[in-house]
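Q: Hey, can you work out the whole structure from these sequences and the hints?
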Amino acid sequence: MTYTLNAAHLYGDLMNTYGDIGNILAMGYYAKAVDATINTELISLDDQFDPAKYDFVLFGGGQDYEQTIVSKDLQTKKVPLTDYIEAGGPFLAICGGFQMLGHYYIGAHGEKIPGIAALDHYTLSQDNNRFIGNITIKNAETGQTYYGFENHNGTTFLGKGERPLGDVLQGHGNNGQDQTEGVIYKNTFGSYFHGPILARNEALAKRILKLALQRKYPDADFSALDQLHEDLTKNVVVKP
Amino acid sequence: MSIKSTVATWTGKSAYWFLHTFRGGGSSLPGKLALKLDPAILKQLAKNYDVIVITGTNGKTLTTALTVKVLKEQYPDILTNPSGSNMKQGIVTTFLTAPKSHQKPLAVLEVDEANVIMVTKYITPKAFVFTNIFRDQMDRYGEIYTTYQKILDGVALAPDATIIANGDLPLFHSKKLPNPILYYGFDYQPDADEQAPANTDGLLCPVCQHILHYHRRTYSNMGKYFCPHCGFERPQLTYKLNALTKMTPTSSDFEINGQTMHLNIGGQYNIYNALAAYAVGRFMDVNPVKISHALSENDEQVFGRQEIFHVGDKAVTLILVKNPVGLNQVLQMISTDDRPFSFAALLNANYADGIDTSWIWDGDFEQLPKLNVPAYISGGERYRDITFRLKVAGVPTKDLTIVPDLTNMTAEIQKLPTQQVYVVATYTAMLQLRKQLASQGIIDGGMA
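Line order of the protein sequences matches chains A and B.
Quick note: the first sequence uses the working numbering, first residue 50, plus one each step.
Quick note: the second sequence uses the working numbering, first residue -15, plus one each step.
The set of hints was computed from the structure by calculation and includes no laboratory data.
Okay, the calculated bits of chain A under chain B, using three or more residues with CB under 8 Å as the criterion:
(1) 56 to 64
(2) 74 to 81
(3) 110 to 120
(4) 243 to 251
Since the structure is predicted, the reported quantities are computational estimates derived from the model, not experimental observations.
For each residue, glycine too, the CB sits at the ideal point set by N, CA and C.
A: Okay, here's the thing in structure tokens:
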């Protein structure tokens, strides 16, 4: 392979509850089309995060208990992670990972659990309710439609410098009130989408992949990605 | 017996008789009617029984069936609930329709995790069996800790009952309980130092919250675990798998506490089910030779979940999958087949399948291309998701046929280049395929 991206899977052994690893697998699949490969490294409890080393970071969702443990360890990585995000490093944060990049979220027992405030949102909780079901959103900038599955108790409210990943067409989104879903801040993308989001949304997978590739290889041409279209209807047996 | 429970029992039995005679089934309705009239009906119905409750995410049905076989070696009179009737109403129906018995009979019950408390409110079991707790259709059941707590809420009403638990699962060693506990597990290899793959659930040490390591890992987060940080480790095992001699897709040979065993079903996960049945057998004083005999019988009724049928010259093994741990175990079992085979994966996302299909990304489909599978089929209502999953795993497009409409499956199976075919399917995809097979006379109609 001509090009190599280094990906960090943040707390992949504790925060990978809904197949989040599929996001990296899907990106790796599209990367092959432009002769690129993705090396994935697990960064977990007590590990150092070196912002200069990575071209992509995935931070998935976890179970309540695991998240309380992660939220403590995460404080030790607050500075390098914030540096990475501010420098425009491509980052995908899902569900609990999305919440923890913000100021705080409310835990299963009503306790306020600090995030790292790298992004300006905060997350409250609902009493005995979860937003569960299929969700569709539209990204304002590209007009692209994204499909996923949401399953969350938390309600997230974006801050001033944050744009949503999309406007809710069907489903609940960040909080069920303001029609926003997810976040975009610099090259950081947050979302409640399971599916996983990059496995079910080719356009977004290629968008983030291209960001990562061009950031590392500014002189190379990755426009072939734009022409690529994964045909999942090839070899389909049609009813006679 | 109070008038209320007499009337409730009579109503339930009449309903069962009516349904059984005129509709050819019984199901949960008789239990439902009886419960309406007397919510505490189980107390009356089960009062003469010694009850063993089997619960957990995977393997409940087979563990229950194997346990019944083992106990039958010594106890002639055993009541058990049919597969799937593992919630309150089904359990009441099971007791309502039990044949009359004069001795103190045994009841071996498969009980849904959240329904354990519905049983222990009225019955004090002699023993509980905990098979395992994995992530399973989280849109319905929630997290592993929540599921375990639901079980323990039920167990708390029976603090003297013995717990027979899978000792290889860290969760079952995470809480201090008043009950006597006996553990079973795998112990046939010398110690090493291994770590589970990153996307494994439940790896935190319950004492110090660091990541657990394994002297030997069997699958998922199970094995001879230890915490390098605080020294927490797997509890002492009473029932040990001490040798694993041979595994094929249709059988396993092994030793438990020195007793050789032959099991007519493949898959490492089924050895855990056999271990659980052995443990209950020993707990109930069945001698090991008799247990070995019971487990080695080729009983098609017991092993029915893994179903083989014939389409033309193809021998098709149909396997239900519902979560990544189960799927990975099926892939492991398939990998022990030394004959060439084709592979099909059928994915639906209805309520009974689990409406969130994300879990397929935690399944280790990457194993498949290493097994030289010459042809694949992906299909079901969510064929796009499963097709993309297989492609990402490295399945070449030229080897893959996509069958969104399962009524085309039998025709496509016949075109496959191998005689052996494995089909993994989610619940409603399996029902749709079975319906199709039944309409073509390939299998008997319906599914209980």
